[in-house]
Amino acid sequence: MENDKIKMTVKEYSEYVESKSAKSPIIKNIFLAFISGGLICVIGQIITNLCINYGIESKDAIIISTISLIFLGAFLTAVNLYSKIGKYAGAGSVVPITGFSNSIVAPAIEYKSEGFVLGLGANMFKIAGPVLVYGILTSVIVGFVYWLMLLVR
Amino acid sequence: MIIEYLKVFITGGIICSIGQILIDKTKLTPARILVIFVTLGVIFTAIGVYKPLVDYGKAGATVPISGFGYALANGVIEEVKDKGFIGIFTGGVKATSAGIAAAIAFGYLAALFAKPKIK
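Heads up: the sequence lines are chains A and B, in that order.
Per our numbering, the first sequence runs over residues 246 to 398.
Per our numbering, the second sequence runs over residues 58 to 176.
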């Protein structure tokens with residue numbers, strides 16, 4: 246009985262989504278993405294600078310900052326806050342590394358009930374997987390081209 | 058100090074705004090945005106466009122996922138310089154290993170302790 250409400254064809258659904266998203270003003274979205282994305286990056290820079298102040302090498306400081314932001318993204322997703330921030334921040338919460346972390350935790354929580362291997366384990370990389378696939382693949386191509394260039398020289 | 062943070066803020070803000078424009082104008086899903094940004098990050102680093110951005114905006118350019126691509130490309134180029142052919146396969150992941158391991162570890166723990174949302 247309850248299912249009656251969500252019986253929509255794909256076309257109806259996309260029309261529904263469009264009617265909702267058409268109302269969202271683009272300028273406001275961009276502004277919010279700018280502010281939130283910028284702030285997350287500033288937090289990253291503050292952590293990096295703190296580490297450098299404690300005498301940590303700048304390369305390692307950036308790694309610590311990245312790990313901290315990944316932790317923050319995972320934590321905020323687990324306590325169900327990240328999606329709330331995302332409603333306002335839009336791409337400002339997707340593009341930073343915290344969004345990458347969120348993309349791992351969110352499906353993992355959702356599919357946890359299907360078991361630890363095929364549920365949690367398999368779905369952790371539902372979105373992050375493609376990111377790693379294309380990122381690493383491109384880096385291998387870049388490495389190969391660079392290697393060829395060194396050979397020719 | 059303030060100027061530095063302002064540069065970080067503006068650089069990061071602009072990169073995220075580009076993502077927002079793509080979401081609003083093209084209906085690309087966040088997953089595709091992430092893939093596009095990381096791939097472009099690798100390519101722009103390889104052709105030398107991304108480095109000036111990192112020099113100017115620091116975390117503003119490294120925290121967005123395109124910065125992950127920057128680390129991948131830098132890692133692979135450095136490693137090919139040092140080790141030659143095998144560097145093609147070791148460089149990228151080596152440079153981003155901390156991020157990947159942290160994402161798996163914290164992601165797993167977070168998922169373990171979080172309660173699934175009731176729909």
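Treat the hints with care, since some could be wrong.
[What the hints assert, rightly or not] Taking lysine-lysine pairs in the PhoX-like style, the calculated list, with each CA pair at most 20 Å apart, reads:
1) A/K357 - A/K371
2) A/K304 - B/K138
3) B/K64 - A/K332
[Said to hold, decoys possible] Distance ranges between label pairs, derived from CB positions:
4) A/Y258 - B/K151: 41 to 47 Å
5) A/T254 - B/T86: 17 to 23 Å
6) A/E260 - B/R89: 38 to 44 Å
7) A/E260 - B/M58: 37 to 43 Å
What the hints contain is simulated information worked out from the structure, not anything from laboratory work.
If you're wondering where the values come from, they're calculated on a predicted model, not measured in any experiment.
In this text, a Cβ means the ideal position worked out from N, Cα and C, and glycines have one as well.
Now the hints, each set against the structure:
no.	hint	in the structure
1	A/K357 - A/K371	holds (13 Å)
2	A/K304 - B/K138	holds (19 Å)
3	B/K64 - A/K332	violated (26 Å)
4	A/Y258 - B/K151: 41 to 47 Å	holds (44 Å)
5	A/T254 - B/T86: 17 to 23 Å	holds (20 Å)
6	A/E260 - B/R89: 38 to 44 Å	violated (21 Å)
7	A/E260 - B/M58: 37 to 43 Å	violated (51 Å)
Of the numbered hints listed earlier, those contradicted by the structure are 3, 6 and 7.
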